Amino acid sequence: MPLSPIRPAEEAPPPPPRALSLPFDPLLMLAVLALGACSVITLGAGASDPASGTPPSYYSSRQTVYLAVGLVLMLGLSRLDYGLLRRYKNALYVALLVSIVAVLGLGHAARGSQRAINFPLFSFQASELGKVLLILALSALVVDRARQLRDRDTTIRVIIAALVPAIFVIAQPDLGSGLVYMVIACMLLFIAGASWRHLAALAALVAVSGAFVLVAAPAAGIHVLKPYQVQRLTAFLHPSSNPQKEGYQQQESKIAIGSGQKTGRGLNSNQTSNGFVPESHTDFIFAAVGERYGFVGAGLVLLLYGLLISRALRVLVMAKDLFGSLIAAGVAAMLMFQVFVNVGMTIGIMPITGVTLPLMSYGGSSVITTMLAVGLLQSIYVRARATAALKGRVPRF
Amino acid sequence: MSAIEPVKRRSPNIPVSAGLAMRVAIISAIAMALFSVIFFRLWYLQVLSGEQYVHQANVNRVRDLPIPAPRGQLLDREGKPIVSSRTTNAVQIVPSALPPAGAPRRALYRKLGRLLGLSAAQIQAIVVRERSAVPYAPVTIKTDAGPGVLTVLGERQDEYPGVVQQPVSIRSYPFGQMAAQVIGHVDQVSEPELKMRAFRGVKAGTIVGQEGLEYYYDRYLRGKPGVRRVEVNAEGLPIPARLAPTAPSAGRSVKLSLDLALQKEAEKALLEGEERARASGKPAPAGAFVAMDPRNGQVLAIGSQPSFDPNKFAKPLTPSEYKRLIGTGSAAGPLTNRAVNGAYPTGSTFKPITAMAALEGGVITPGEGLGAGACIHVGAQEFCNAGHADFGAVGLVQALKVSSDTYFFEVGERANAAGSVIQRKARELGIGRPTGIDLPSEFAGVLPDKRWRERENKLELACERRRHVANCGIVLEPTGVWTVGNNMHLAVGQGELLTDPLQMAVAYSTLANALSGGGTGAVVTPHLGMEIDESTGAELQSLSYPAARHVHLNYSDLSLVMEGIHQAASQPGGTSAEVWAGWNQAAHPVYGKTGTAQHTGREDQSWYLCYIGDPKRPIVLAVTVEEGGFGAETAAPIARLMASRWFGVKGKFVAGSSKTF
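Same order as they appear, the protein sequences are chains A and B. For what it's worth, our numbering labels the leading residue of the first sequence as 580, then goes sequentially. For what it's worth, our numbering labels the leading residue of the second sequence as 4, then goes sequentially.
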């Protein structure tokens with residue numbers, strides 16, 4: 580037998596029986612489906628105010644449709660070679676900016692902020708979809724500069740590329756999504772291997788500008804953020820000082836979650852189903868979970884997020900190329916930030932920033948965006964496995 | 004083979020650089036740390052402090068709405084209801100179902116106002132007031148709306164959003180003005196009342212007694228309201244509840260000593276007496292009566308005119324209505340219970356007390372002839388009989404029979420020399436101190452003597468100094484002193500003496516009790532409440548009002564005093580003998596004394612006090628008519644009508660002609 584170190588692909592041995600041959604990551608799929616189910620169940624149980632006139636079934640059925648659409652998009656995206664998207668990085672970035680600016684121009688104001696464009700059947704929240712677009716565009720930008728990753732220039736370009744849409748989004752005002760953009764950018768730099776000095780400088784810059792925006796500028800009479808945003812951001816630090824306004828939502832949310840105790844209040848839940856916790860079907864849905872299903876339910880949801888994020892990090896590690904790793908890193912950053920900020924906000928350890936809980940919060944834009952992001956992860960996973968198989972390696976889950 | 008070796012030996016499969024591995028590890032560590040923080044926080048909130056948050060959530064969630072308890076009845080001595088509650092339809096507004104504030108709501112108020120005969124502003128005011136008293140509960144706008152109104156509301160429900168009809172229980176006073184001041188009325192408990200001891204434990208919005216017996220026995224009558232627990236949402240709007248209500252427990256009934264038939268007769272007789280007095284040119288604007296069982300103080304009838312209809316208090320009163328009820332200036336209005344709060348001199352009805360005191364005090368002897376001439380003179384002052392009649396020097400019995408003022412002026416003159424003889428005995432018998440009747444307020448009375456005058460002077464001077472005015476009206480001349488003239492006026496029930504029919508009835512009861520007790524008699528505590536009954540009618544508790552004290556009088560002296568007033572009511576020449584013409588004195592001996600209290604610038608006040616003996620149903624009657632003329636003329640005939648009803652004989656209004664004070 581001649582020396583033939585690499586076996587041809589067609590002669591590759593069948594995968595070992597323990598590895599199911601699926602066109603996607605089954606654990607990632609499980610986390611997504613389970614979280615979607617949790618969302619529909621919680622919404623259907625009445626995580627809204629009946630006095631508002633909207634029956635819970637309205638939210639649960641629409642959320643089911645969003646999840647189904649998202650699932651189809653996710654599976655479709657997982658078939659697509661994510662590598663192709665690198666070519667359209669400029670188009671993606673332009674689409675991101677145009678959609679965000681369009682919202683500022685055409686959008687309708689929901690709760691005092693312009694975040695969405697109304698279409699006949701649904702309203703489209705550009706800043707949500709923008710997260711995925713930004714991940715792709717920034718990842719492509721970093722990959723293009725793969726040889727100068729440690730340059731200061733790269734760091735600055737990435738930060739500016741994220742900062743421009745972030746500023747527009749914050750101006751909508753949608754502070755939460757703007758912060759997500761910046762977190763994505765930082766995560767990409769970190770994973771791509773930016774120098775520690777740049778990262779430290781960035782951290783210092785964040786600290787200084789945060790202090791400036793929240794403390795120094797208002798004192799000087801300049802309001803970078805709207806006053807309500809500043810109050811929301813700082814209310815969690817002194818929850819009882821103004822329980823009727825900014826602290827109210829968080830206080831009621833804590834009461835809701837706390838009163839759930841170990842196994843939840845079930846039908847007796849009143850905090851989230853009678854409107855004491857505003858937005859208990861969207862931003863504060865975790866309060867509804869905590870009240871209705873207690874520590875057990877809230878813990879289960881958190882574990883599912885743990886699974887989701889760990890799979891994202893896993894995909895990051897196993898990706899066949901830097902572009903895949905960076906996309907996975909961006910998605911992981913997005914998920915981590917949203918989960919921790921949103922859950923932290925409902926339990927009173929984070930400020931209220933208007934960040935949705937991925938897949939749980941009611942809303943088509945958020946659900947579909949998350950599904951698209953997971954679809955990218957699936958695509959990276961599938962291609963990583965294929966490459967590994969091609970190279971004769973047996974990829975682990 | 005050798006080319007592949009390193010790949011195979013390298014950790015499994017992924018071409019990860021060491022730098023990336025470390026950075027991913029850092030991210031993973033951060034994620035783990037954040038997850039831990041969240042888990043610990045959740046554990047802290049849900050497991051460690053869960054109880055506290057459950058409590059807070061329940062405070063958020065549940066509002067208690069009272070279910071009014073049916074109020075207990077007031078019954079007469081035979082168990083016939085005098086005051087009860089009845090169910091009627093009320094037009095109510097459910098605030099949460101109202102159209103939005105502003106123009107749509109105002110339009111509804113206007114429309115509803117036209118239907119109910121109220122203005123939109125009035126409806127708005129009622130809604131605001133009631134909502135602050137009992138949030139979340141429906142607000143009653145009008146009770147007893149006519150059937151026409153109810154039909155309109157029923158048929159055009161959609162035109163009146165938030166307006167409902169609801170059966171409610173309201174207090175009903177079927178006898179209207181009868182004994183209105185004694186019975187009192189009810190109203191929603193007020194803000195200051197909630198802080199009072201009498202209303203401890205009463206929730207805002209509860210209907211409580213405001214005056215009279217309704218107030219005094221409120222804690223029995225009001226019952227215990229039930230609780231409807233309503234679950235509300237964040238805006239405070241009720242949502243369909245799954246919580247079981249607590250049923251209210253009905254109030255107890257109070258059985259009164261009042262005799263409904265006698266009460267009705269007395270009210271009628273008083274009105275008739277006033278009517279007749281007016282026919283003969285007297286204003287006779289007001290009067291009062293008390294009928295009491297002398298043995299135990301049970302009040303058989305009590306009333307005051309002018310009166311009012313307590314049903315009026317079911318609706319808010321206008322300021323002018325209220326002013327009319329209170330009375331203006333010095334004239335007390337219909338709300339005043341003149342039987343216990345009138346402040347009157349008594350005229351000659353006081354004489355038996357003076358006589359008893361003088362005899363006990365050793366100031367006079369029964370046979371001694373006093374009071375010769377039409378007038379007597381002390382210093383520069385002249386004290387005369389009514390109409391300058393001259394009864395000659397008479398003994399005690401005769402003096403009481405004909406009501407000789409000169410006799411009692413002399414008694415007063417002598418008593419003054421011996422100190423406060425009259426005042427002490429009068430006080431002992433029950434004058435000038437609260438009787439202890441089971442009503443929220445009673446007049447303590449004034450029994451003037453030297454010390455009283457000095458105290459009044461001091462008060463007047465202090466008041467003038469404090470308020471920097473010329474005179475506070477307590478005493479006109481604060482430098483004046485107690486004189487013998489003051490005591491002489493007191494002896495005939497005039498001057499500074501101020502008392503009321505109830506105190507006089509107590510004093511006469513004491514004399515009556517001492518007469519039948521061989522000199523020892525109880526000073527009874529007059530009372531109306533006899534027993535507390537369950538709402539089902541079963542007796543729960545009998546109320547006990549023991550005698551305040553006992554007096555020991557010289558029996559032979561007492562017999563002479565009583566003989567005197569018996570002759571006055573039965574012998575020819577007696578002041579009220581004509582009034583009792585045809586009365587069976589053998590069966591029901593009348594011991595009665597007329598009185599005519601003089602007021603400067605006003606018509607005389609007619610008084611009559613009597614005790615009618617009967618082994619089974621003795622009775623003491625006290626009647627007075629303000630500006631009603633002589634005692635024999637107006638008050639005494641009223642007393643006879645009452646007595647006739649009590650003893651079941653045909654009543655007849657016989658005005659006497661005696662013109663004595």
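What the hints contain is simulated information worked out from the structure, not anything from laboratory work. Fair warning: this is a prediction, and the values are worked out from it, not measured in the lab. Among these hints, one or two may not hold up.
[Stated by the list, open to error] Computed spacing ranges between beta-carbons, pair by pair:
1) A:L879 <-> B:A128: 53 to 63 Å
2) B:W46 <-> A:L778: 29 to 39 Å
3) B:A124 <-> A:S640: 40 to 50 Å
4) A:A616 <-> B:P195: 37 to 47 Å
5) B:A128 <-> A:P797: 40 to 50 Å
6) A:L612 <-> B:M25: 51 to 61 Å
[Claimed, not checked] Among chain B residues calculated to face chain A with C-beta under 8 Å, some are:
7) L37
8) L48
9) Q49
10) A60
11) R174
12) F178
[Stated by the list, open to error] Far from chain B, some chain A residues (derived; all Cβ distances over 12 Å):
13) A647
14) V677
15) V680
16) A795
17) P797
18) V896
19) G923
Just so you know, even glycine gets a beta-carbon here, dropped at the ideal spot from N, CA and C.
Inset, instruction - With respect to the beta-carbon atoms only, verify the hint that L879 (chain A) and A128 (chain B) lie 53 to 63 Å apart. - result: For A128 (chain B) against L879 (chain A), whose Cβ atoms are near 55 Å apart, the range 53 to 63 Å holds.
Legend entry - Assertion that V896 (chain A) lies farther than 12 Å from chain B (Cβ): violated (6 Å)
Inset, instruction - Let me know if the C-beta of L48 (chain B) comes in closer than 8 Å to any C-beta of chain A, holds or violated. - result: The hint holds - L48 (chain B) has a Cβ within 8 Å of chain A, the shortest such distance being about 4 Å.
Inset, instruction - May I ask you to check that V677 (chain A) keeps its beta-carbon over 12 Å from the closest beta-carbon of chain B? - result: holds (32 Å)
Inset, instruction - Can you let me know if the beta-carbon spacing of A128 (chain B) and P797 (chain A) is within 40 to 50 Å? - result: The hinted range 40 to 50 Å holds for A128 (chain B) and P797 (chain A), with Cβ atoms some 44 Å apart.
Legend entry - Interface hint compliance - A60 (chain B) to chain A, C-beta minimum distance less than 8 Å: OK, holds: A60 (chain B) within 8 Å of chain A, min 4 Å.
Legend entry - A616 (chain A) versus P195 (chain B) beta-carbon gap, inside 37 to 47 Å or not: With Cβ atoms ~59 Å apart, the hint is violated.
Inset, instruction - May I ask you to check that G923 (chain A) keeps its beta-carbon over 12 Å from the closest beta-carbon of chain B? - result: violated (7 Å)
Inset, instruction - Check the non-interface label on V680 (chain A): least C-beta distance to chain B beyond 12 Å or not. - result: The claim holds: V680 (chain A) sits with its nearest Cβ about 32 Å from chain B, beyond 12 Å.
Inset, instruction - Look at the Cβ atoms of A124 (chain B) and S640 (chain A) and judge whether their distance stays inside 40 to 50 Å. - result: About 48 Å separates the Cβ atoms of A124 (chain B) and S640 (chain A), which means 40 to 50 Å holds.
Legend entry - Minimum Cβ-Cβ distance from P797 (chain A) to chain B exceeds 12 Å: Answer for P797 (chain A): holds, closest chain B Cβ roughly 29 Å.
Legend entry - Separation of A795 (chain A) from chain B, once the least beta-carbon distance is taken, above 12 Å: Nearest chain B Cβ is 28 Å from A795 (chain A), so the label holds.
Hints 4, 6, 11, 12, 18, 19, counting from the list given before, are not met by this structure.
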